[in-house]
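Protein chains in written order, with my numbering: chain A, 1 to 170; chain B, 171 to 504.
Calculated from the structure, these hints are not laboratory results. These figures come from a predicted structure and were not determined experimentally. Hints may be right or wrong, so weigh each one.
Residues on chain A that point at chain B, a partial pick, calculated with CB under 10 Å [stated by the list, open to error]: (1) D57; (2) A58; (3) G60; (4) I102; (5) A133; (6) I169.
Computed from the model, here is a short list of chain B residues facing chain A with C-beta under 10 Å [stated by the list, open to error]: (7) N222; (8) N362; (9) K417; (10) E421; (11) V452; (12) P453; (13) H456; (14) S461.
Where a beta carbon is used, it is the ideal one built from N, C-alpha and C, also for glycine.
If you want the building blocks of each chain, they are given just below.
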Amino acid sequence: MKVTMDIELKDEPGQLILALEPVSRNKANLISVFHYHKSKNTIKTGGAKVQVQLVLDAKGPVIEKIKEDMEKTGIHILRIGEEKYRETITVVLIGHVVDTDIRDTISRIDGTGIAEVVDMSLSMPEIMEPTSAALTINAIGKEELRKTVMILKAIAKEKELLLVLPIDIE
Amino acid sequence: MKTIKASIIGFGSIGQGVARVLLAKKDYLNKEGIDIKVVAVTDSKGSVINENGLDLEKCLAAKAEKGTVAEEIGMTGLDVITRINHDLVIEVTPTNIVTGGDGLVNLRAAFESKKDVVTSNKGPLIVKFRELTLLAEENGCYFKYEATVGGAMPIINLMRDGMAGNEIESVKGIFNGTCNYILTRMYEEKSNYSEILTEAVDLGIAETDPTYDVEGIDTAGKVVILANAVFGMDKTIADVDRTGITKITYEALEMSARSGKTIKLIGEIKKDGRLSVAPRLVPVGHPLSVSGTLNVASIQTDLAGEITVTGKGAGSVETASSVLSDIISMYREN
Ligand SMILES: NC(=O)c1ccc[n+]([C@@H]2O[C@H](COP(=O)([O-])OP(=O)(O)OC[C@H]3O[C@@H](n4cnc5c(N)ncnc54)[C@H](OP(=O)(O)O)[C@@H]3O)[C@@H](O)[C@H]2O)c1
Chain A
1 MKVTMDIELK
11 DEPGQLILAL
21 EPVSRNKANL
31 ISVFHYHKSK
41 NTIKTGGAKV
51 QVQLVLDAKG
61 PVIEKIKEDM
71 EKTGIHILRI
81 GEEKYRETIT
91 VVLIGHVVDT
101 DIRDTISRID
111 GTGIAEVVDM
121 SLSMPEIMEP
131 TSAALTINAI
141 GKEELRKTVM
151 ILKAIAKEKE
161 LLLVLPIDIE
Chain B
171 MKTIKASIIG
181 FGSIGQGVAR
191 VLLAKKDYLN
201 KEGIDIKVVA
211 VTDSKGSVIN
221 ENGLDLEKCL
231 AAKAEKGTVA
241 EEIGMTGLDV
251 ITRINHDLVI
261 EVTPTNIVTG
271 GDGLVNLRAA
281 FESKKDVVTS
291 NKGPLIVKFR
301 ELTLLAEENG
311 CYFKYEATVG
321 GAMPIINLMR
331 DGMAGNEIES
341 VKGIFNGTCN
351 YILTRMYEEK
361 SNYSEILTEA
371 VDLGIAETDP
381 TYDVEGIDTA
391 GKVVILANAV
401 FGMDKTIADV
411 DRTGITKITY
421 EALEMSARSG
431 KTIKLIGEIK
441 KDGRLSVAPR
451 LVPVGHPLSV
461 SGTLNVASIQ
471 TDLAGEITVT
481 GKGAGSVETA
491 SSVLSDIISM
501 YREN
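Next comes chain A alone, as it looks inside the complex (with noise of 0.2 Å):
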């Protein structure tokens, strides 16, 4: 489960380590850390405080171990929610794409943190023939899907596979 996480800070050093630490103890993986600087987004609080937004990917209790730890050190959770993927597309490879390992195709995609695999049909008309697959991906938002669809280049080139995107992509 991806999350974002909205926590205040004081604005003093050593803030940001110490927030970071329930997560990286709980072994979540940290996708990225957006420091809002006192841009027009900051929920008034008052005082100096300034407000992170981190976004994680865990499971559910995981998450709930992260909240309390923090809550602990006294660092305030503003908001917390589940992350939703904002951007789908569907892409078509062909080629060896299972000899290629798919599985670590499929991985590199969903490493990225960023968007994940979410559907796949594969097609393998015979051995030694060429098969065709069309993979579903979500990524949280545009610019994401943008990324994504580099890596999908680089992987298609380095596996030799034929890329087929789809029109409308940047």
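Dock chain B with the ligand against the given chain A, drawing on the hints supplied.
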């Protein structure tokens, strides 16, 4: 009435198509104040000349009966352009995208002798676009080439004239009927690429050596022409990121269809200079999802939004119609 003396250099499918449309549209042309008098016709064997105007019916009949129009054996297109007095060269010889071929030699000679040019030959434009447009300008000649992209489908003149004032963001399209036919038929017939290629060759839709079409080279050439002619770029084929259709499988088409999509070979020009040719997934019902040998182009503009044109990308009379419209637009108002 303005009399325009013209030569037709190349008398194959398109050259003969031009002769037919000139015959069929004689009255229409006259109403527009234009009288086209063809003074020379050339094929690979030689030429036929009549400075008072040839009988095009007879030229067509001679070509059909004897396989050539040549009465002046060995008299080349270049000879006609440099030696015969006329105003307009209709250059419709075979395309050579590597050197520009005889077409390039003919076009240079035409401008140097102050003759206007209408052509369907992509080669010279792909190889030496800038040089040729400058040469035409310097010599005060018209230079028109609507038929080089999309056959009958208006695109170059549409973007330059019909859409003048718009900023063009991008153009995406299907510019090769052979590839479109193969992809369409593969899905319909549940067949693989090589089976349908054989069918296309038998029907005369694909060449015996289909490389130029199926590897996306022809499409890349058209992308280059549009980039240079409409976007004012200075590109060559080497600037196009190109993938053809030879690796497309029936299974890939079938899988795409399950999610409502089809695969098409798409040429794309972006205003930032990126040029590409690649198979792309196109939703069924999308303006670009035309079937068979049709061509299509979708033009994205700042003011008009998206404009899509579709039409026959090849064919004798169809392509000749673009040559005719170029001729009319050149001589109509002046
Ligand atoms: N076919 C289409 O639908 C289409 C569509 C758009 C653009 N085009 C372009 O239009 C051009 C003509 O196509 P096409 O289909 O008419 O080709 P084609 O049927 O092969 O005809 C070519 C003609 O040019 C003649 N020729 C060859 N070399 C010549 C030379 N050095 N000087 C003078 N004549 C020469 C040939 O002579 P012989 O008759 O003696 O062989 C033939 O008459 C090509 O550049 C093509 O790419 C074609």
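Hint by hint, work out which the structure violates, then give me just those numbers in ascending order.
Going through the list in order, the structure violates hints 1, 2, 3, 4, 7 and 14 and respects the others.
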